[in-house]
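Chains as they are written, first to last, in my numbering: chain A, 1 to 331; chain B, 332 to 857.
If you're looking for bench data, these hints aren't it; they were derived computationally from the structure.
Among the clues, some could well be false.
[To be verified] Mimicking DMTMM-like on lysine to aspartate or glutamate, the simulated pairs with C-alpha atoms at most 25 Å apart in a straight line are: (1) B/K423 with A/D220; (2) B/K423 with B/E471; (3) B/K664 with B/E649; (4) B/K423 with A/E210; (5) B/K764 with B/D785; (6) B/K357 with A/E210; (7) B/K664 with B/D621; (8) B/K560 with B/D572; (9) B/K764 with B/D696; (10) A/K129 with B/E419; (11) B/K829 with B/E803; (12) B/K504 with B/E419; (13) B/K504 with A/E210; (14) B/K673 with B/E649; (15) B/K571 with B/E803; (16) B/K664 with B/E640; (17) A/K131 with B/D741; (18) B/K530 with B/E467.
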Amino acid sequence: MTTITTTDNKLKRLARSVRIPPVYIFLVVVFLVGGILDQILSDGQIFTNPLILLNIIVRSVALGIVAVGQTLVIIGASIDLSVAYTISITAIMSSYIMQGKTENVLTAIVGVLAIGIAIGLVNGLIVTKLKVNPFIATLGTSLIIKGIINASFSNYTGSVPKSFEFFGYGMVGPIPVSIIILLLIVFIGWFLLSRTQFGAHLYGVGGNVEVARLSGVRTDRVLIGAHIFCSMTAVISGLFLVSQMRAGAPWVGPNGIFDLNSIATTVIGGTALSGGKGGVWGTLAGVLIFGILDTTFNQLGVNPYLKSVFQGVIIVLAVASYTIRSKKDAA
Amino acid sequence: MTDKQEIIQEESNVKPLLEVRCITKKFPGVQALDDVSLQFYSGEVHAVVGENGAGKSTLMKILAGAYTPDSGDILLDGVKVSFSHPSEAQHKGISIIYQEFNLLPERTVAYNIFLGREPTKAGVIDIRKMNRDAKEVLKEIGIDKIISPTAVVSSLSVAEQQLVEIAKAISFKSQVLIMDEPTAALTYTEVNLLDNLIKRLKTRGMAIIFISHRLIEVFAIAEKITVLKDGKLVGTVMTKDVNPEQLVQMMVGRELDHYFPPLGQPEDFGEVVLSVRGASNQLIHDISFDLRKGEVLGVAGLQGSGRTELAQALFGVEPFKTGTLTINGKTSKFRQPYFAIKNRIGFVTEDRKSEGIFSRQPIRDNMLLTIRSIRNMFGLIHKDGTLRDRKIVPTLGNQLDIRTSSYDRDVQFLSGGNQQKVVLAKWLASNAKIFIFDEPTRGIDVESKASIHDMIRGLAKQGTAILMISSELPEVIGMSDRILVMADRTLMGELPAKASEEEIMLMATGHKKIGNSAETSAVGKE
Chain A
1 MTTITTTDNK
11 LKRLARSVRI
21 PPVYIFLVVV
31 FLVGGILDQI
41 LSDGQIFTNP
51 LILLNIIVRS
61 VALGIVAVGQ
71 TLVIIGASID
81 LSVAYTISIT
91 AIMSSYIMQG
101 KTENVLTAIV
111 GVLAIGIAIG
121 LVNGLIVTKL
131 KVNPFIATLG
141 TSLIIKGIIN
151 ASFSNYTGSV
161 PKSFEFFGYG
171 MVGPIPVSII
181 ILLLIVFIGW
191 FLLSRTQFGA
201 HLYGVGGNVE
211 VARLSGVRTD
221 RVLIGAHIFC
231 SMTAVISGLF
241 LVSQMRAGAP
251 WVGPNGIFDL
261 NSIATTVIGG
271 TALSGGKGGV
281 WGTLAGVLIF
291 GILDTTFNQL
301 GVNPYLKSVF
311 QGVIIVLAVA
321 SYTIRSKKDA
331 A
Chain B
332 MTDKQEIIQE
342 ESNVKPLLEV
352 RCITKKFPGV
362 QALDDVSLQF
372 YSGEVHAVVG
382 ENGAGKSTLM
392 KILAGAYTPD
402 SGDILLDGVK
412 VSFSHPSEAQ
422 HKGISIIYQE
432 FNLLPERTVA
442 YNIFLGREPT
452 KAGVIDIRKM
462 NRDAKEVLKE
472 IGIDKIISPT
482 AVVSSLSVAE
492 QQLVEIAKAI
502 SFKSQVLIMD
512 EPTAALTYTE
522 VNLLDNLIKR
532 LKTRGMAIIF
542 ISHRLIEVFA
552 IAEKITVLKD
562 GKLVGTVMTK
572 DVNPEQLVQM
582 MVGRELDHYF
592 PPLGQPEDFG
602 EVVLSVRGAS
612 NQLIHDISFD
622 LRKGEVLGVA
632 GLQGSGRTEL
642 AQALFGVEPF
652 KTGTLTINGK
662 TSKFRQPYFA
672 IKNRIGFVTE
682 DRKSEGIFSR
692 QPIRDNMLLT
702 IRSIRNMFGL
712 IHKDGTLRDR
722 KIVPTLGNQL
732 DIRTSSYDRD
742 VQFLSGGNQQ
752 KVVLAKWLAS
762 NAKIFIFDEP
772 TRGIDVESKA
782 SIHDMIRGLA
792 KQGTAILMIS
802 SELPEVIGMS
812 DRILVMADRT
822 LMGELPAKAS
832 EEEIMLMATG
842 HKKIGNSAET
852 SAVGKE
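For reference, chain A alone in the conformation it holds in the complex (with noise of 0.2 Å):
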């Protein structure tokens, strides 16, 4: 239990301290699974190709940008619908600014980034101050957004120049740009969570605001700051998806169900909906199940409908077994 006997001493600390989260088992097993039939029934490009596991990752990035975000907003106890439309008006916004000019870049990332934090705080202002659950909160300022671009905007609008490219399609040597920014993003979410008073505060807001509270958190302020950052990650990951598309369209956060994907993908990685618990670590091995998950049905050339089903039934096994396990601890 508690008390640690001196000889095991070193070996249970170096457990607790690299901790992997469970849903890593999942993710292996999902890739083996895949990579054995990928080896069966089509040409086994999953064991045998190292390109096609970095395209894995780098289809992944802009969902795993914004399940960062999610991640910490669902451990504050609250959660945002409104990232997809987010992630939409980023697009648009961007390209229209940019308008393929290499000197207005930094005029539209500023500016997106100013739209992301208004709508972070926004929704952090209705959740908290106003005391509106934030399903329903993110939920309306999701279909205010989506007024709006709908209101402005019906198709590709404006593009972006050859420079901002670099952002989708650059590489580092053999690494992608991309997916250096995905592992900086969780690196940042990591660091925030568990290591600075805004993380060990979010884990209080999340686990019990009145404690939190009565332990003198600034808990309004900690959960605004969640869906700020959250905000950020959906303006982030909507530069990145302009820049692969080189124009800005009002459904690219909506087609890729970025809302619902990021919630489904940080519950499998093991952060409880009620919050208080979890992590973007285990969020990132989510988001790599999905990527798998895609590429094996890209491989066997499935009916991509049949994908969405198997997504479902892993988001209820990967909850289901947590559950079970929980049960068990308590037994």
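The hints should help you fit chain B onto chain A, whose structure is shown.
Chain B only, in chain A's frame:
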């Protein structure tokens, strides 16, 4: 009375560490505190007692900065202070441990102790320092051997969590420690641990303010006792000048003799309605006993002895895996509570808030919950009862004396005692013939306690069989016609009515060896 005055006069030469003057606080419809003035001295344990709703918790919350008083002053070391937030009080050296646990179950001990003031180095949390500091705090109160700073709180026992709370309070370098019913969740051995801790804190010059319903503890720990009633100060007495009967009289204005209704007579007891033979599951083992119609069978035991688990096994929450369970002569297997309810067993659970009531639903729906669940699922809902008996709600409401303006009000607005009555009504409505009570009066004021005891005895008189689990020995002794004692997750034996506390405790701790192993194994499993 003049003695008392003199002593307090004497003491007033020493400056009080913390003082409240003419504190008044009003909530919508309730005068929670009315002109209360009190002094607390360093190195002194001061108990505050009173019925539920007497204003104790409100007063404590004002001292801790969770509420602001409508009028009146708080003086700390003779200086007027006011707190707009609990953290302000905490930083001025006033810490409070609330009745409900205030820890984050998924975080480590160290993170909990330093929540809101984590040590940082260049903006980054210094986890090593935090763990080291936490270890230091745990050591200070002598529990560093039991609790590790890196342990996740949910893996600790209730008592250990309580100790972590105290550690958290101590870590603020508090001068004043307020404890709101710190022992409610603890067993007797654990209470001893707390007693020792309090004594140690006292010698360090802390002022300790202590709210409790357990008068025995109040008398054991406190030097001074303040009685509140209906928001008003009844008086402050030195513990050595009063006896429990006088104190209860100050609290409620009646004698302690009426506390427990008379025990059952031999002619009250009927045939055996529930019988367990050699039953075990993963939590408890080798359970054998009989329960007769018309009797109150008490179950005593320390926390972790398997008391609650016994109730849960009987009710089908964690059913017995082996052995036999016979209800009214029929061998039964309850895989789910549904079957137990069908067999007319009622279970009044220990944790009312999470298991007993839907606090945000109307009284009437709470009362009719079980009867509706065992009737046809597609049957029509009747407002006050069922098709066969349409007057269940008003009848039971009157019978149990549930005090409310309307049965449409949500249960959350009722007092603790009245809520417990709603729980009882729920089972009476389903016509239960065997009642299992798990801590029926925990956290309930003295007067409601007495009326619930009367009700339990009344049920028995009407031929209901009652299994009553309680961690309060006076309650077990005062109520039970027979007493079962549990330890180490099994039944240790049976004692007759009016057994002494010593006899029960002896059995509950087993002959020394079993008692110790029970404790260590309970801790080891967590």
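Taking the hints in turn, this is what the structure says about them:
Proposed proximity of B/K423 and A/D220 is supported: the alpha carbons are some 23 Å apart, at most 25 Å. Pair hint B/K423 plus B/E471 holds up; C-alpha atoms about 20 Å apart against a cutoff of 25 Å. The straight-line distance between the Cα atoms of B/K664 and B/E649 is roughly 11 Å, inside the 25 Å bound, and the hint therefore holds. A distance of roughly 20 Å separates the Cα atoms of B/K423 and A/E210; the hinted pair therefore holds under the 25 Å criterion.
Distance hint between B/K764 and B/D785 is fulfilled; the C-alpha atoms sit about 17 Å from each other, no more than 25 Å. About 22 Å separates the Cα atoms of B/K357 and A/E210, which keeps this hinted pair within 25 Å; it holds. Between B/K664 and B/D621, the direct Cα distance comes to roughly 16 Å. Compliance with the 25 Å bound is thereby established for this hinted pair. The straight-line distance between the Cα atoms of B/K560 and B/D572 is roughly 20 Å, inside the 25 Å bound, and the hint therefore holds.
Between B/K764 and B/D696 the CA atoms are separated by roughly 21 Å; this keeps the pair inside 25 Å, and the hint holds. About 22 Å separates the Cα atoms of A/K129 and B/E419, which keeps this hinted pair within 25 Å; it holds. Proximity of B/K829 to B/E803 is assessed by CA-CA distance (about 14 Å); at most 25 Å being required, the pair is judged to hold. A hinted pair counts as satisfied when its Cα atoms are at most 25 Å apart, and B/K504 with B/E419 qualifies at roughly 13 Å.
Of the pairs offered as hints, the one joining B/K504 and A/E210 holds, with about 22 Å between alpha carbons and a cut-off of 25 Å not exceeded. As the CA atoms of B/K673 and B/E649 are separated by approximately 17 Å, the hinted pair is consistent with the 25 Å bound. About 23 Å separates the Cα atoms of B/K571 and B/E803, which keeps this hinted pair within 25 Å; it holds. Among the hinted pairs, B/K664 with B/E640 is consistent with the structure: their alpha-carbon atoms are about 16 Å apart, no more than 25 Å.
Distance hint between A/K131 and B/D741 is fulfilled; the C-alpha atoms sit about 21 Å from each other, no more than 25 Å. Restraint check for B/K530 and B/E467: satisfied, since their Cα atoms lie roughly 19 Å apart, inside the 25 Å limit.
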